[in-house]
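Please arrange chain B on chain A, whose structure you already have, making use of the hints.
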Amino acid sequence: MQKISTIVLFVAALATAACNNPNRNGMGGAGGAGGMGGAGAIGSASDPNSPAYFSQTLGDMVHFVVDQSTLTPEAQAILTKQAAWLVQHPNYTAIVQGHADEQGTREYNLALGARRAESAKQFLIANGVSGTRLKTISYGKEQPIALCSDESCFQQNRRAKTALQLGGGV
Amino acid sequence: MTDILRPSRLLALALAGIAALSAPALRAEPLRITIDQGDIQPLPFAAPTFLSQGGDVAQAITDVVIADLQGTGLFAQIAPAAYISQVSDFDAPVAYADWKAINAQALITGRVIQQGDQISVAFRLFDVFADAPLGDGMQFKGATGDWRRIAHKVADQIYSRITGEKPYFDSRVVFVSESGPKDARKKQLAIMDYDGANVGFLTDASSIVLAPRFSSKGDRILYTSFETGFPRIREMTLATGKSRALADLEGNMTFAPRFSPDGDTVAFSLEQNGNTDIFSMSLSSGQVQQLTNAPSIETSPSFSPDGSQIAFESDRSGGQQIYVMPASGGEGTRISAGDGRYSTPVWSPRGDYIAFTKQNGGRFYIGVMRTDGSEERLLTSSYLDEGPTWAPNGRVIMFTRESPGAAGSAQLFSVDISGRALHPVPTQGAASDPAWGPLLP
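Chain order of the listed sequences is A and B.
Quick note on numbering: our numbering labels position 165 of the first sequence as 165, and the sequence is numbered without any gaps.
Quick note on numbering: our numbering labels position 207 of the second sequence as 207, and the sequence is numbered without any gaps.
Hints in this document: simulated from the structure, not taken from any laboratory.
The beta carbon of each residue, even a glycine, is placed where N, CA and C say it ideally should be.
Do not rely on the hints blindly, as some may be mistaken.
Derived, one-sided and incomplete: chain B residues facing chain A with beta-carbon distance under 10 Å [said to hold, decoys possible]: (1) Pro181; (2) Ala184; (3) Pro231; (4) Met253; (5) Arg334; (6) Arg341; (7) Thr344; (8) Ser381; (9) Tyr383; (10) Gly405; (11) Gly408.
With the rest of the complex left out, here is chain A (with noise of 0.2 Å):
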């Protein structure tokens, strides 16, 4: 016997909805805000009281060996000037960004970069700078700054960049 069932499918009609999200980016609340984007128009590179002096002269950045958060030698040269000119600047506040290279699993990197990010931030405050005025994020392998896939890109990639903020309170 050949049997034919009959199998009805009813259908809701397909349904709009604004989208709920914020007009924000990506950045927004805390990385972006935390970017030199406003601040470093306050002054020069040569001015030791500027943002732009603290990212470029000093050099806001650090960069880390692969899958790991020790601070190497150079890096901790770096945040012993950054936590320093923190000190003599009270009026500014930090987020840590924390990064890691592409050569890593998405939620693993993630993780990675928050321990990057918090490996200097227990610097920073080991130097002075009250735990208060700091705050940290990871951005995982979402956010390259150099885009080739071999190590020279890669070393770039796997950073924590200390992102000033004006003002109280991150």
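Chain B in isolation, oriented as in the chain A frame:
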């Protein structure tokens, strides 16, 4: 502006059968494909264009049925130019000899009746060398606009009858749609049919979104969003497109969420002071429980189908490895044992395998292993493969493949658990982080 595509609600009614002719015949080996690791010759089949009574979707429906079957790597269509017989009457007896002559092991016939915005699609499947139908003919009715879903339903029936596996074609996938250059990537959540059709966007591109996960009923998704500036888990109800932040806990970051099979618990990672552990939260009571407590990174939890265990990754041994612990938490037992790093474990909905990402020697692999870590098998290899997700029948895996270099971009790929039928899933732009939803009703 964002379009929210809601899943269609479908009610299935089985109606009484219609008697037809053709006597059953016997033969030694029934038409059957077994999905295992052995070498498989794709089963040759013929599928003449479904007969059309009104409307213009019969050819398109036939094409989708054929594409579904061929996409599995288990079936190979015989070119219509080789057909000796033509099918001009859906109810006429089948000229088996004509189909045997071109070595068609299976014959699929169909008829599409369109009346206004409603279509009715009937099909029959024949085991040519047994001179007999394989199972009953079936008819699906629905809105004409849903013709692709109906075609998937037809193909699902054929696939299941011949392989003995559960169907999976009529299913949807949420993923991250990517655009823009590598150093300014825009990401938004999107949903599509399993074959890349019918794409709808669930969020705009204003915030980074990562790694969506479906509930087992397909009604909600979990994902990680940078909407507040910091990574936080959100839960979206697909019917409304509305989302809410979950687990606003002390700490910097919540991520890697996954629903329990009953949909009431979410396992996730919480980062506090640089350390990441796995927690769970009851969605009904809001109660939060810490499941791991170690100075290492514990992330990517995935429940067993019965909800009793959680597979996760940890770098406590020095590099990422896969562990299994009770759903109530604990130390966990390491199950991955080979060279390299193992991550993103995902328990098969059938419970028989755990899919994972492996890194070794500068390459990435997608693989499967038994839930005790035995029988590890690598299915794919490339510069960067990651993030497997299971088809609802637990026999096919979708994952992200990213190409290297400044112009590198992500694409979705599909492979079956024996490593066959590796192919890209077509999406309009770059795409990553697929999460396969359940079979639609």
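Practice problem: Mind checking the CB of glycine 408 (chain B) against every CB in chain A and telling me if the closest is under 10 Å? | Solution: With Cβ-Cβ at 6 Å, under 10 Å, it holds.
Exercise. Against chain A, run the beta carbon of proline 231 (chain B) and see if the smallest gap drops under 10 Å.
Key: Result: holds, 6 Å to nearest chain A Cβ.
Exercise. May I ask you to test the interface hint for serine 381 (chain B) with respect to chain A, counting a Cβ-Cβ separation under 10 Å as satisfied?
Key: Result: violated, 15 Å to nearest chain A Cβ.
Quiz prompt | Status of the hint placing methionine 253 (chain B) at chain A (closest C-beta pair under 10 Å) | solution = holds, 6 Å
Quiz item: Does the interface hint hold: is tyrosine 383 (chain B) within less than 10 Å of chain A, judged Cβ to Cβ?
Solution: Holds, because the Cβ-Cβ distance from tyrosine 383 (chain B) to chain A comes to roughly 7 Å (cut-off 10 Å).
Quiz prompt | Interface hint outcome for alanine 184 (chain B) [beta carbon to chain A under 10 Å] | solution = Since chain A brings a Cβ to about 9 Å from alanine 184 (chain B), closer than 10 Å, the hint holds.
Quiz item: Taking the closest Cβ pair, is arginine 341 (chain B) under 10 Å from chain A?
Solution: holds, 8 Å
Quiz item: Minimum Cβ distance from proline 181 (chain B) to chain A below 10 Å?
Solution: Result: holds, 8 Å to nearest chain A Cβ.
Quiz item: Can we keep the threonine 344 (chain B) interface hint, with Cβ of chain A closer than 10 Å?
Solution: Since the shortest Cβ distance to chain A is 5 Å, the answer is holds.
Self-check item: Restraint outcome when arginine 334 (chain B) is required to lie within 10 Å of chain A by C-beta distance
Solution: Because about 16 Å separates arginine 334 (chain B) from the closest Cβ in chain A, which is outside the 10 Å limit, the hint is violated.
Self-check item: Agreement of hint glycine 405 (chain B) with chain A interface, Cβ distance less than 10 Å
Solution: holds, 5 Å
Hint violations for this structure: numbers 5, 8, all remaining hints satisfied.
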